[in-house]
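Asker: One letter stands for each residue in the lines below.
Number of protein chains: 2
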Amino acid sequence: MVEIVQLEKIKSILKNNDVISVIEEGFIAYSDNRVIVPPVGEMLFNKTNGECHIKYGYIKDDNYYVIKIASGFYDNPKLYGLPSFNGLNLVFDQRNGELKAILLDEGYLTNIRTAAAGAVVAKYLAPKQVKKIGILGTGAQGKLQVEYLKSITSCKKIVVWGLSQEEVNEYKKNLEKKGYSVETTLNLEDIPTACNLIVTCTPSKKPLLKKEWIKPGTHITAMGSDTAEKQELDSEILANADIVVVDSISQSKSRGEVYKAITSGIISEDIVIELGKMISNKQYHRQNDQQITIADLTGVAVQDIQISKIICENMD
Amino acid sequence: MVEIVQLEKIKSILKNNDVISVIEEGFIAYSDNRVIVPPVGEMLFNKTNGECHIKYGYIKDDNYYVIKIASGFYDNPKLYGLPSFNGLNLVFDQRNGELKAILLDEGYLTNIRTAAAGAVVAKYLAPKQVKKIGILGTGAQGKLQVEYLKSITSCKKIVVWGLSQEEVNEYKKNLEKKGYSVETTLNLEDIPTACNLIVTCTPSKKPLLKKEWIKPGTHITAMGSDTAEKQELDSEILANADIVVVDSISQSKSRGEVYKAITSGIISEDIVIELGKMISNKQYHRQNDQQITIADLTGVAVQDIQISKIICENMD
Chain D
1 MVEIVQLEKI
11 KSILKNNDVI
21 SVIEEGFIAY
31 SDNRVIVPPV
41 GEMLFNKTNG
51 ECHIKYGYIK
61 DDNYYVIKIA
71 SGFYDNPKLY
81 GLPSFNGLNL
91 VFDQRNGELK
101 AILLDEGYLT
111 NIRTAAAGAV
121 VAKYLAPKQV
131 KKIGILGTGA
141 QGKLQVEYLK
151 SITSCKKIVV
161 WGLSQEEVNE
171 YKKNLEKKGY
181 SVETTLNLED
191 IPTACNLIVT
201 CTPSKKPLLK
211 KEWIKPGTHI
221 TAMGSDTAEK
231 QELDSEILAN
241 ADIVVVDSIS
251 QSKSRGEVYK
261 AITSGIISED
271 IVIELGKMIS
281 NKQYHRQNDQ
291 QITIADLTGV
301 AVQDIQISKI
311 ICENMD
Chain R
1 MVEIVQLEKI
11 KSILKNNDVI
21 SVIEEGFIAY
31 SDNRVIVPPV
41 GEMLFNKTNG
51 ECHIKYGYIK
61 DDNYYVIKIA
71 SGFYDNPKLY
81 GLPSFNGLNL
91 VFDQRNGELK
101 AILLDEGYLT
111 NIRTAAAGAV
121 VAKYLAPKQV
131 KKIGILGTGA
141 QGKLQVEYLK
151 SITSCKKIVV
161 WGLSQEEVNE
171 YKKNLEKKGY
181 SVETTLNLED
191 IPTACNLIVT
201 CTPSKKPLLK
211 KEWIKPGTHI
221 TAMGSDTAEK
231 QELDSEILAN
241 ADIVVVDSIS
251 QSKSRGEVYK
261 AITSGIISED
271 IVIELGKMIS
281 NKQYHRQNDQ
291 QITIADLTGV
301 AVQDIQISKI
311 ICENMD
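Note that the protein sequences, when read in sequence, are chains D and R.
When you line the first sequence up against the numbering used here, it's residues 1 to 316, in that order.
When you line the second sequence up against the numbering used here, it's residues 1 to 316, in that order.
A portion of the hints provided could be inaccurate.
Unchecked claim - Listed below are the simulated SDA-like cross-link pairs for lysine to any residue, each with C-alpha atoms no more than 20 angstroms apart in a straight line:
no. : chain 1 : residue 1 : chain 2 : residue 2
1   : D       : 47        : R       : 61
2   : D       : 132       : D       : 108
3   : D       : 60        : R       : 44
What the hints assert, rightly or not - Covered, in the sense of this in silico footprint (three residues per stretch, anywhere, with C-beta under 8 angstroms from a C-beta of chain R), are these stretches of chain D:
no. : region
4   : 20 to 32
5   : 38 to 45
6   : 228 to 237
What the hints assert, rightly or not - Label-pair restraints from in silico Cβ distances:
no. : chain 1 : residue 1 : chain 2 : residue 2 : range
7   : D       : 44        : R       : 271       : 26 to 36 angstroms
8   : D       : 40        : R       : 140       : 28 to 38 angstroms
9   : D       : 40        : R       : 63        : 35 to 45 angstroms
10  : D       : 210       : R       : 227       : 25 to 35 angstroms
11  : R       : 176       : D       : 46        : 30 to 40 angstroms
12  : R       : 151       : D       : 16        : 53 to 63 angstroms
13  : R       : 271       : D       : 46        : 29 to 39 angstroms
Hints in this document: simulated from the structure, not taken from any laboratory.
Ideal placement from N, C-alpha and C gives every residue a C-beta, glycine not left out.
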C-alpha cells in the first residue's frame, strides 16, 4: 500500500535521523559508480515562465528507486501568492516496481539534501577551530546550511552578507532565535576577514569573493552556482586552493565554479577531486590549519535518492 | 490541495465520461503540433528484470501537464504474485506547477487510452456494416477494444483468435457475460475470412495476418506492435491498403507495422497519414465498402495527457 507523506511528517522524520551520514554514503556510492542517474527530463512553459524537471535514479542493489519532480514557476509569488518552487519525490521498490511512498515535500527535501551536503563537506574540510561561520546569501539555504553545520562544529558565531540591510536583519533575527550570534554586513570582504568556514548560497552570476581576501586555513563551500552562468567565486581562488572538491566531476564539465575555472583556463581538471572519493581517501581531507580548501556543489540525484530513502524507511 | 485518486474512483469517472471524444481531440492537437512531448525517460533494472518509463508532456495553452510513470517487472507474477505492469499519472496545473492529482491507476489508464484510440480509428475507418469483429489476442486489451467499440458499431459478434483453446475459452466466457456472442479459433485465417473489422492485440514478433487473406472492405487496427521488433501484419497488407494511418509519424520511424513496412522497402512513407490529420480531413476517412484500411497505433503521450485530464476535471 502506497504511503502519502505530508511535509509535516517529513520534517519530523528528518529531525530524528542522521541525514548527513546517509547523504555521505550516497556521495561515496556515486563516486564508486554504483549510482544510475539517467539524463534529467525537462518541460518548459514559456507562456507562464515555468519549468518542470524530472530527476530519477537509483543505487545499484539497493531497495529503492526514486523519481523527483521539481517545478519552478517564477511568476507564482506575483500572480498567485504561491511559492516559485515546488516538488515531490516518488519512491519505488527496486525489486518489483511497487510505489512505496509519495513524498509531498514541496521542495523541502531538496533544501535539506543540499544543506546536508554542505555538512558532509565541512566534516572533512572545515578547519578544526572554526572562528566564525560566514554565510553569503540570506535565503532558505543560507539558514539551513548553518543548522546542518551544528553537528560538525560547535561554533555559533555567524557573519552574514546579503544584498540589503533588510535581508540581513531578517536573517539575523531568524538565526538568533535558534541560539546563534549573528553579525551582519553588506561588505563582502568582511566575510573572509572574519570567517574561516564560508558557505556561499547566492544565485550570483558574477564572482563575489576575491582571491586576495581568502586567508590560509579557510574552507569555502560554494553552494549557489549550479548552472553554466552562475558564479560566486573568483576562479583564482580555486587556482590558489590546496584542495578543490566537486560533488560530480561530470556535472562540473557544464556548470558551477569548477566549470568556470576550467573553461577559463585558470585550473586544470586534474586537480579536481570528486566528493565521494575525497571522503574515502584521508589524503584529501584537510591536513592542517593552513590549507585553503574549496568545495563546489551543483547537486546530484543521489542526494534525492538518499534523503527519500530516509523518509521511506522511517514512515511508521 | 492535491487529490489522491484510487483505481475504483478512476473507473467510475471513466464510465461517466466520453473518453473517445477526448482522446480524439488529443490526436488532433498532436497532429496540429500543439503537443509538447519530450523524450521518454527510462530506467532499467537488469537484476530484477524490470524497467520503468517516464512519459510526460502537455498540450500548449491547456490547463494541465501530465507525468506518467509506468513500470514492467516481468518476474513479478512468478516471484511475488504481483502484476508485471504498474503505473500512475501525475497531473499538474500548467499555470503554476501545482500538483492537482495523483492518479493511482496501476496502469489502467494506459489500457483505456489504448482501447479508446482503437475506437477513434474505427469511427472513421471501420466499414459501415460491421459483419463480425475479429480480435487477435485474448488479453486485457483484446477485451477492452471490444468494449470501447460499442459506441462505434452495434455489432455484437466477435471472433477471437488466441494461442490456446484455454485462452480463447476464457475470453469467450468473459465477453459473453457482457452480452457478446463469441466464436473462438486457433486458426488465424478464420479471422479475416469472417470479420471486416479486425483489431490485433498481441505481442507477436512475426506477422500473423497474410495479405491474401484480407478482403476488400476490411479495416485492421494493429495495436500490438509498439517496438522495433514486434509485428502483427505482413507488410504487404499495408502496401495493398487504400489508407494507412499511424498515430504518430515520428514514432513510426522507429517502431510498429509502418516502421517494418518502410524499412523493408515495401511501402513509401509518403502514403502514411497521421491519425489527427486523418480525423480532420474527410478525404482520408473510409469512402466506400471496398477500401482496405489499416491503422498502426504505437501509443502517444497525448493520450495519457487527455485521459488524465478527464479524471482531473471530474474528481468532485
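Asker: Going through the earlier hints one by one, which of them does the structure break, listed in rising order?
Answerer: 2, 4, 6, 9, 10, 11
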